[in-house]
Amino acid sequence: MRSIEAKGLTKDFKVYQSRSGLKGAFRDLLNRKYRMIRAVDHINLSIEQGEIVGYIGENGAGKSTTIKMLTGILEPTSGTLQVNGYDPHREREQFVRTIGVVFGQRSQLWWDIAVRESFRLLKKLYRIPDDSYRQHLDRLVEVLEIGSFLDQPVRKLSLGQRMRCELAAALLHRPRLLFLDEPTIGLDVLVKENIRHFLKQVNKEYGTTILLTTHDLSDIEALCSRVVMLDQGKIIYDGDLERLRSQWGDGRRLILELKDEISLSALNERSHGLALRWEGEGTRFVAHMENGTGVSDVLSRLVPAVTVREMKIEEATTEDIVRRIYREGITHHA
Amino acid sequence: MFYVRLFFHYWMQYLKIRMEYRSDFFVQLVTDLMFQGVNLVFIIVVFSHTADLSGWSREEVIFIYGYFLVPFSLFASFFNLWDFNERYIIKGELDRVLTRPAHSLFQVILETMTPESLSGGITGLLVMGWAGWKMGLELSWYDPLLFILFVLGGGAIYAGIYILLTSISLFSDSKTDIQPIMFNVGNYGRYPVDVYNKVIRTVLTWVIPFAFVGFYPASFFLNEERWMTLALLTPVVGLVWLYLGIKVWNWGIRNYRGAGN
Amino acid sequence: MLNTYMELVRIRFLMMLAYRVKYYSGIIIYSLNIGVYYFLWMAIYGENSSLNGTTPVQMATYVAVAWMSRAFYFNNLDREIAAEIRDGTVAIQLIRPYHYILVKCFQGLGEGIFRLLLFSAPGLFLVSLVFPIQLPTGVEDWGWFVLSLVFAFVINSQVNVITGLMAFFIMNNTGLIRGKRVLVDLLSGLLIPIHLFPEWAGKILAFLPFQGISYMPSTILSRGLPTSEIIQFLGIQMLWLILLLIPIQLLWMTARRRLIVQGG
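Chains as they are written, first to last, in UniProt numbering: chain A, 1 to 334; chain B, 1 to 261; chain C, 1 to 264.
Hints listed in this document are in silico derivations from the structure and should not be mistaken for laboratory results.
Some clues are possibly wrong.
[To be verified] With a cut-off of at most 27 angstroms between alpha-carbon atoms, the simulated DSSO-like pairs for lysine-lysine come out as follows:
{"hint": "1", "chain 1": "A", "residue 1": "Lys14", "chain 2": "A", "residue 2": "Lys123"}
{"hint": "2", "chain 1": "A", "residue 1": "Lys156", "chain 2": "B", "residue 2": "Lys16"}
{"hint": "3", "chain 1": "A", "residue 1": "Lys123", "chain 2": "B", "residue 2": "Lys91"}
{"hint": "4", "chain 1": "A", "residue 1": "Lys192", "chain 2": "A", "residue 2": "Lys7"}
{"hint": "5", "chain 1": "A", "residue 1": "Lys234", "chain 2": "A", "residue 2": "Lys204"}
{"hint": "6", "chain 1": "A", "residue 1": "Lys192", "chain 2": "B", "residue 2": "Lys16"}
[What the hints assert, rightly or not] From chain B, some residues computed to sit far from chain C (all C-beta separations above 10 angstroms):
{"hint": "7", "residue": "Met34"}
{"hint": "8", "residue": "Phe42"}
{"hint": "9", "residue": "Lys91"}
{"hint": "10", "residue": "Pro180"}
{"hint": "11", "residue": "Tyr196"}
{"hint": "12", "residue": "Asn223"}
{"hint": "13", "residue": "Lys247"}
{"hint": "14", "residue": "Trp251"}
[As the list claims (entries may be wrong)] Covered stretches of chain A (in silico footprint by chain B; criterion: 3 or more residues with CB under 8 angstroms from a CB of chain B, positions within the stretch not fixed):
{"hint": "15", "region": "50-64"}
{"hint": "16", "region": "100-106"}
If you're wondering where the values come from, they're calculated on a predicted model, not measured in any experiment.
Quick reminder that beta carbons are idealized off the backbone N, C-alpha and C, glycines included.
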């Protein structure tokens with residue numbers, strides 16, 4: 001069975017405009033002016049069981065609205081949606097037992113009671129059988145290393161500790177599908193690393209599908225085989241990370257520090273025929289090399305004429321790529 | 001059955017938290033008691049100047065007030081929805097609630113309940129008992145049963161009205177102060193309705209039926225023939241309002257726009 | 001120096017103005033309360049034309065005036081001070097070049113002026129259309145009333161400051177604040193005019209400051225007292241106004257010492 005199957009998924013919001021002043025307030029009571037905003041626009045998305053998918057987009061691109069439809073919080077305006085075989089909003093109470101949700105900025109646990117008590121409440125809520133609960137909890141406690149603060153209230157935990165507990169809470173009932181919204185926000189590098197490792201393990205061991213939204217693209221690089229990119233409510237890219245890199249990666253950059261000054265036109269002349277573009281002046285230059293252009297090709301053209309003092313090769317990060325796509329829009333490159 | 005078990009589990013958790021802040025707990029009890037005390041003082045002082053209030057004696061008015069406290073304490077304990085807009089809509093807690101496998105309203109009620117307010121019901125029973133004893137009121141075998149039915153009905157009226165008003169937040173997150181307004185309307189229900197003029201009496205009976213919370217059922221136990229039929233309608237009115245409240249809530253959940261949009 | 005404080009009044013006034021919608025519902029709530037007590041009192045009168053010398057019309061006027069005065073003198077200084085003590089803002093205020101308590105009082109004044117102009121006055125006007133009340137027409141009566149109301153405002157603020165400052169000494173004083181609110185409504189004569197209390201209770205209340213918060217101004221406007229009695233009322237209010245400065249000063253000094261010892 002597919003984890004997620006969406007066709008033409010759309011969500012419109014009415015945005016009310018309030019009039020100013022006392023008179024306006026009374027007029028608003030009688031008839032309010034509004035306009036429609038399409039937050040999610042005919043999305044088609046199909047995710048197989050066991051995939052780890054990164055869902056990215058700028059703020060306001062429709063990411064969280066999509067997630068809220070997929071988790072049953074919001075009802076779609078139109079389109080068909082099946083998640084784990086359910087209609088998430090209509091069959092909400094049965095459906096949510098098959099998913100786990102972690103919202104990075106919002107705790108899923110009860111603030112004032114011990115973590116262990118929170119887990120116990122969740123056990124009741126999800127109607128997890130005793131033996132299965134104990135066994136699974138032990139495993140989660142061990143892997144996430146949360147045993148030492150199970151008896152503390154959530155409000156006393158550090159962010160990293162809390163996030164590990166959130167993950168355990170979301171997985172207690174062994175969901176087939178895990179939604180993670182900014183799971184590593186505000187965490188330090190080491191904790192991030194641990195969490196990524198854990199997620200991979202869960203995915204491999206239980207075949208859990210994971211859908212992840214994040215601003216931190218290193219999460220995506222570490223975890224996801226597939227990326228879905230959203231802009232203004234539409235999917236603008238859906239495929240693997242490698243292809244994204246090679247299509248929009250703009251190749252590498254060669255940064256050179258020369259011994260003697262040289263003009264830009266002289267450099268251009270030397271590298272004539274190679275797929276690259278020079279930038280800079282005096283003794284410092286940057287060669288933007290398109291994919292397929294080798295560093296050795298460039299150097300072999302230069303060396304007879306100039307002396308290279310320092311040299312650095314930079315590759316565009318996923319972040320650069322994504323930022324560029326947002327800035328320029330997908331159409332320029334397609 | 002699942003919901004009953006869940007209810008008790010939440011209750012136990014609540015008690016654990018409450019025990020951590022024990023002083024808050026007692027302070028709450030004392031101030032509640034003071035509030036009820038002030039209302040009783042009002043009634044007692046007033047009756048030093050008159051023998052009856054539109055035909056009702058001092059003990060009868062006190063009995064009605066005591067009765068009112070019982071369904072009211074049910075409402076105060078389990079429908080603490082005052083900061084729903086702030087906590088669940090603006091801060092987005094409702095998103096979390098909606099990702100859990102139980103009815104959303106039920107979860108919100110469990111998370112916001114303050115069962116210590118039930119103490120008001122005990123005060124009410126004591127006050128009623130005292131007034132009834134003073135009057136030499138006699139109980140029939142079916143009176144306790146009717147009492148439970150009426151109290152549940154009165155609580156359901158309050159619950160229905162407040163669920164309905166709270167549901168407004170699901171459609172629009174702009175703040176309305178209609179809840180405190182309604183709370184003050186509710187105070188009209190704890191005195192005999194023939195104190196008020198005809199318009200207010202009609203409103204309290206058929207529009208915002210707070211008279212069914214306190215006065216009508218209490219007058220039944222005072223063996224007042226005039227309001228017998230209305231008193232017996234209490235559970236029906238309660239069911240109607242509770243049904244309405246839940247319907248509008250469910251409709252609101254379908255319309256819910258999510259936090260942070 | 002005075003400029004700084006006037007600025008506080010102005011800022012608080014503007015702040016309240018931004019939340020004015022809240023006060024439209026406030027007028028409804030106060031009217032509802034006036035309604036319930038109006039009907040109760042009228043039922044108490046029944047066929048009688050006088051209770052301890054007060055006619056039904058005077059009683060109705062008293063209820064309306066007392067509640068709409070409450071709309072003016074009521075403020076949250078107690079809660080604000082307690083909150084600032086708990087979160088430690090008070091310690092910072094100590095190094096500022098102004099008096100913390102005075103700052104609070106002037107903020108309260110800004111709020112009071114707002115409440116008077118946009119809540120109490122229109123509220124009283126609306127209520128006078130709905131209920132059969134009789135307000136005096138003479139400038140003199142209104143003058144005495146306004147003076148007494150200002151005193152009432154100050155006394156109530158002083159009581160609030162005292163309750164708020166108690167947060168220095170009691171860990172959890174939200175209960176104290178809530179309890180005080182309920183008690184003040186009763187003891188100030190808002191719910192029952194003090195001359196209708198049983199004699200023994202009336203005697204006790206005569207020795208407490210709360211009568212100056214509601215009973216005195218409301219009586220001046222609703223019952224048309226002789227001037228000598230009005231002046232006596234104002235005198236008592238003034239006396240309390242001065243007397244209440246003592247516990248405030250004592251509390252504040254002890255609190256300051258504590259703050260300095262603890263290093264904030």
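Against the structure, the hints come out as follows:
no. : hint                : in the structure
1   : A:Lys14 x A:Lys123  : violated, 38 angstroms
2   : A:Lys156 x B:Lys16  : holds, 17 angstroms
3   : A:Lys123 x B:Lys91  : holds, 25 angstroms
4   : A:Lys192 x A:Lys7   : violated, 34 angstroms
5   : A:Lys234 x A:Lys204 : violated, 30 angstroms
6   : A:Lys192 x B:Lys16  : violated, 33 angstroms
7   : Met34               : violated, 5 angstroms
8   : Phe42               : violated, 5 angstroms
9   : Lys91               : holds, 19 angstroms
10  : Pro180              : violated, 6 angstroms
11  : Tyr196              : violated, 5 angstroms
12  : Asn223              : holds, 21 angstroms
13  : Lys247              : holds, 26 angstroms
14  : Trp251              : holds, 25 angstroms
15  : 50-64               : violated (count 1)
16  : 100-106             : holds (count 3)
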